[in-house]
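Colleague: Sequence:
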Amino acid sequence: MLNRMGLIVRGLAAALLILVSARLAAADEKRLPVPAVAIRAGELIREDMITERSFEPNALGVAMFVEGRQVLVGRMARRALLPGQPIPTNSVEDPWTIARGAMVKVVVEDSGLSIVTYGAAMQSGAPGSLITVRNTDTGVMIRAIVQPDGTVKVADGS
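Under the working numbering, the letters of the sequence shown match residues 672 to 829, in that order.
Hints were generated in silico from the structure; no laboratory data involved. Hints are not guaranteed to be accurate.
[Claimed, not checked] In silico EDC-like links for lysine to aspartate or glutamate, alpha-carbon gap of 20 Å or less:
1) K701 / E727
2) K824 / E738
3) K701 / E723
4) K776 / E723
5) K776 / D820
6) K824 / D808
7) K776 / E738
8) K776 / D719
9) K776 / D808
10) K824 / D781
Sequences are here, hints too, so could you generate the full structure?
Modeller: Right, here's the structure in full:
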């Protein structure tokens, strides 16, 4: 009778140990936003394109992944993002205000003097990014900072 009772107690202890280890493993899992559908490079990310999935910490390796869906919504994919896969932080960027090849208003301001001309954007850019612009009148290449309104402001020393 005692042997039988000991076997039952050991069985219950083993089951309890399995439940506790499963619960600890679940606590170590990391939930990350992942694409629910394939997202092409250059496509704006919408709320309905994102879902969440659990990953084991050792499955993620050492790469840096986006940890919150609020970081993704309204941004643009820099490369194709596959459904169910974690999204590296360098795979998304702010949407471009200026597309490569677009005609842009170039503003030069110095000591209260403001000069406005037009140029062709040689690169795409989001607000705050430094891009190269070719002055359409002179053909000179200048470096300018993209402004939120879609104009570019000549950087100091350009």
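Colleague: Looking back at the numbered hints, which does the structure fail to meet, lowest number first?
Modeller: Hint check: 2, 4, 7, 8 fail, others pass.
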